[in-house]
Amino acid sequence: MGNCCDRPKDTYIRVSLPAVCFVWQIAMVVLFGVFIRYNEESDAHWPEYKKKQNITSDAENDFYYRYPSFQDVHVMIFVGFGFLMTFLKRYSFGGVGFNFLIAAFGLQWALLMQGWFHSLDYNTGKIYIGIENLINADFCCAGCLIAYGALLGKVSPVQLLVVTLFGITLFAVEEYIILNLLHCRDAGGSMVIHAFGGYYGLAISWVLYRQNLNQSKHLQGSVYHSDVFAMIGTLFLWMFWPSFNSAIANHGDGQHRAAINTYVALASSVLTAVAVSSLSHRTGKLDMVHIQNATLAGGVAMGASAEFMITPYGALIVGFCCGIISTFGFVVVTPFLERKLKLQDTCGIHNLHAVPGMLGGFISAIVAAAATESVYSKEGLVSTLGLEGKFANRSPGTQGGYQAAGTCVAIAFGLVGGAIVGFILKIPIWGDPADDNCFDDEVYWEESKARIMPLGTY
Amino acid sequence: MGNCCDRPKDTYIRVSLPAVCFVWQIAMVVLFGVFIRYNEESDAHWPEYKKKQNITSDAENDFYYRYPSFQDVHVMIFVGFGFLMTFLKRYSFGGVGFNFLIAAFGLQWALLMQGWFHSLDYNTGKIYIGIENLINADFCCAGCLIAYGALLGKVSPVQLLVVTLFGITLFAVEEYIILNLLHCRDAGGSMVIHAFGGYYGLAISWVLYRQNLNQSKHLQGSVYHSDVFAMIGTLFLWMFWPSFNSAIANHGDGQHRAAINTYVALASSVLTAVAVSSLSHRTGKLDMVHIQNATLAGGVAMGASAEFMITPYGALIVGFCCGIISTFGFVVVTPFLERKLKLQDTCGIHNLHAVPGMLGGFISAIVAAAATESVYSKEGLVSTLGLEGKFANRSPGTQGGYQAAGTCVAIAFGLVGGAIVGFILKIPIWGDPADDNCFDDEVYWEESKARIMPLGTY
Amino acid sequence: MGNCCDRPKDTYIRVSLPAVCFVWQIAMVVLFGVFIRYNEESDAHWPEYKKKQNITSDAENDFYYRYPSFQDVHVMIFVGFGFLMTFLKRYSFGGVGFNFLIAAFGLQWALLMQGWFHSLDYNTGKIYIGIENLINADFCCAGCLIAYGALLGKVSPVQLLVVTLFGITLFAVEEYIILNLLHCRDAGGSMVIHAFGGYYGLAISWVLYRQNLNQSKHLQGSVYHSDVFAMIGTLFLWMFWPSFNSAIANHGDGQHRAAINTYVALASSVLTAVAVSSLSHRTGKLDMVHIQNATLAGGVAMGASAEFMITPYGALIVGFCCGIISTFGFVVVTPFLERKLKLQDTCGIHNLHAVPGMLGGFISAIVAAAATESVYSKEGLVSTLGLEGKFANRSPGTQGGYQAAGTCVAIAFGLVGGAIVGFILKIPIWGDPADDNCFDDEVYWEESKARIMPLGTY
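Chains as they are written, first to last, in our numbering: chain A, 3 to 460; chain B, 3 to 460; chain C, 3 to 460.
Among the hints, a few may not be true.
One copy or two, either will do: identical chains are not told apart, so a pair holds if it fits within one copy or between any two.
[To be verified] As a list, the in silico DSS-like pairs of lysine-lysine whose alpha-carbon atoms are at most 30 Å apart:
| no. | residue 1 | residue 2 |
| --- | --- | --- |
| 1 | K54 | K128 |
| 2 | K128 | K380 |
| 3 | K52 | K392 |
The hints are simulated quantities; they were obtained by calculation from the structure and are not laboratory data.
Only chain A is shown next, with the shape it has when bound in the complex (with noise of 0.2 Å):
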């Protein structure tokens, strides 16, 4: 494993690491204290609440309409990123372990941060919470961690907090714009999740351009056995992205339909992904990358319009193109994005996360605008695409303007938040690897050693 203390000085993080940690956690105790309070439905008042509302089974609690979809988010978060990340060679613990940590911290963050713009009751001056702010806080995260795709392997475990501070706020102001202001429909998060979190991720890489990452080019493929390990977290997003994008949708049909609609997706990505991926190859080989990523495009590409009637066939055909266009994104443009715009983008999130995301946006605009009352009945109609209160005189065709703005809005927040956080990550103080450290778990991470006996007493 070399000698130590040849290291270079600066990744040291005895400091930096423990104390953001302590300070953030107890920062997030004070503010949760302050705050954070369990909503009627998580509430010992329950009983009660039923009894005022006329509600006659405790299966009318969100909680059993959403905590099985919750559950499947999360593993997306944790294990489906997380493992997704683990690729490189000698970079697993790195993308298991740091994808942890932001998720960890981003979560709490996210509870409030969201909390203060949609849960706030101005009464009282609390966010109560329940099921469904669990899952905005797991989506919250999202952002964050695709945006680590772009950074992984060069940017310390202090930058990486940094990231996810500032892109969790990023995110609930860009969320509140686009669903509050704007009152556009996005379920599955193409644009708020995925658009923002992509682009906000590639301008952090662009601004922290490594000229001399090559230095540790002999770290940055994967061997045999990381592939598999990341083929668990592909399975894992693959899998439960029909949750993902039902899991705040409407009760009843709203969710049904937004899981139907991605598993179609999902399926039709594999097959596009496999046929480019073995065009681009001489004999036609399939390229693990491909494999591990493009097939996922389909699901991030249908986030927005999940819970439109976009017939099972639209949605095939979603995944169809999508699958296609991540798949010759990986081939074609990241390598070029990488040479002429000096952009690092370690997992290729421009071509699973910022380019469908916003397709997504855009598809969802599509939909919206064609929408019809024959097709989605008038309740329906008016439930799916959100048209009341103050929205009632919305057209299909206005809402449909409206998702595209919100996709632009997203976008926008992502590029210019990220080149912001990313001068702020240049300050010299983060304990980031040199040229030649990068993708080497060793500069983090402790040795593998033995786990009792220790002290070395026999």
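The hints should help you fit chains B and C onto chain A, whose structure is shown.
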């Protein structure tokens, strides 16, 4: 990794694989466009439908009864089967990757085939799909994935897509005959999935017998970590098998009982598989092959009678016997089949699926024949055995006879269909590997390489 | 792999292991036949029962309230605990495989033992089981699997079955005393599962102290990929812990609140575990041991008070403190225990289960004592603290006292029971490995070999 230019020309799949993927995926898009629509529970007209049917709660949408089980089944198909097939030292990519490809294509074709047989509305000519169709489509794929177990490492991805196309078609037909015409009960698919899939795969493998497979003998074993990867598959199959057998059972006690029966049968299989595995070794050591496979036999065999009042004690006995039979199969029968019948069964599906599936069918015949009104209650007997409509006059004894007949139909379909498909696969256009190239990912998968900087521009 | 003929004779388990498996499994069949039946929700009489009880919807079957959580718990038991114990470089088969064996046997015995204590109908002499019994059986196994963590690599599978037989028995008794006689609340089992299981394992390990364990020192570490495998276990435990703590909580707000509390407590543990891990290394590097284990401490400690109105902020504090204490335990206490107390704790269960479980019990005492009607509502207080029936007159303060007493009972049962079982295991008939053969799969597992062509007939 050797010089890739030495490879025999006939594994060139750069034309055939993309062509098959694109053509079939486009066909899916067209056929979905013509035939597939949302059913009343996933359509935006659900609020209207709810009112018309006097349904008071969204919780009555079938989605909430079945979605958690669906996701468990989904995990079994993609992670369960996929990782169970990663045990070979150099065929883990093919194991999990081609499993992914088969299932992603298969489920689309299954939605159509099963839809035409089971969910077609003759007035509109449309197939209306909901969550139960997704579960059934996953089930349908399971049959083909079982067959893949016998072929693992010896066929090309193009051949696998052919196996899947015909497999799903045959499955839908035999399922229609068994479940609709013979009116058998088979909640967990002992006969329609496991017996059919098992014999289908064995018949194909028998036709494709390779005289000189010993030329790739050095690749047929596992390595330490590939066996650990396979345990991921085993455990997810084992844990979620109660969901598999209860996913499409009747609401209420049906699903509840199916889960309990499967849970205890599986537990029992583990102990007898361990016992026989230990007995079969000179000093009592355990064999990972048995632990990875035979522990699941109880779940397979409980499939057809999962919903019946077999009693927890009956389920334990089923698991007890099948754990023994399955392990015995791995120790004695598989080597025998190969030597005497020229049958090369890479994963031993004969012992895990074919035989326990067949036994499961016959067990269900006995249990059905023994059903009485005092045990089931009048209403319970009707709903559990499905003795309604034009089958209202069928006695439990007659139903038992039909269960046995259904098992035979499944086996016959598997053997005949598999033999025919095997001969189709012998046409030398599918790019299958040479005998000395089997069990080797290098044939169809690109070597691992750096993900960024692929153009070598530094 | 060395020459297997050199192995000491006493690891010969070809008689004892199959004998124990067969005898115990047959006993299970007989006892299930005598005692176990379906309860009213899983019996075919459910339609009748539903009418009699005026239940209008199948969704009221407890199956639908608890099955998703059950499956999550099931994953924790088999994949969570199983993979957490794969970290050793050459004991991954034993880690995941014996975990599988223990749990599969344990859950059957638990259904009986817990049934006799909790679900026995004195009129019919039968135990009526449903989904809640399955969850409790899984919980019961967790106690034994925790104990296995201390013994990992040092005992034979036969010994483990003995540990399980006695462990489940002791568990059922202490659980009966704590939950029924003392009437403690312990939804997530801080005391009955973690404190008991932890001290049970430690006491056994203390009795089985091996003077010369350093002879197998070279096998006590992890390798790179075995640590990644262990992260699979960690993450599935971490993600599904909210289901563990809410699985048998009260319907409605109880389950909802338990999930929220556990979710935030776990998030908090991650940050403080990372902080202390970094602090404990010279340059701030993280240790995989801490990330794999201490991050879970918050879930353990939240168990007993998961259902209480501890507030999200209170849950964060619990996670905060336990993350620190647990990591500190791995850094300082485990080495100390081994040097001074002759206690070899392979997985460090002292730090992950014993201490956080004990703390969880005492925390629940404080939280229960502080409960007021204004916070819980009158009805909520009664249902959350279980102050019904003959316990209706108990005040929250008294309940707090009983919670503390229950914790002490759990610890006492663990220590005394473990010591006795330890002495039983010292009888030299169980085939345990020699000191220089510990932590080595080769002792109980056959070497990997080709799966087809095993008879070498080519």
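So, going through the hints one by one against the coordinates:
| no. | hint | verdict |
| --- | --- | --- |
| 1 | K54 - K128 | within (22 Å within a copy, 41 Å between copies) |
| 2 | K128 - K380 | between (36 Å within a copy, 23 Å between copies) |
| 3 | K52 - K392 | both (29 Å within a copy, 27 Å between copies) |
Violated hints are absent here; each numbered hint is respected by the structure.
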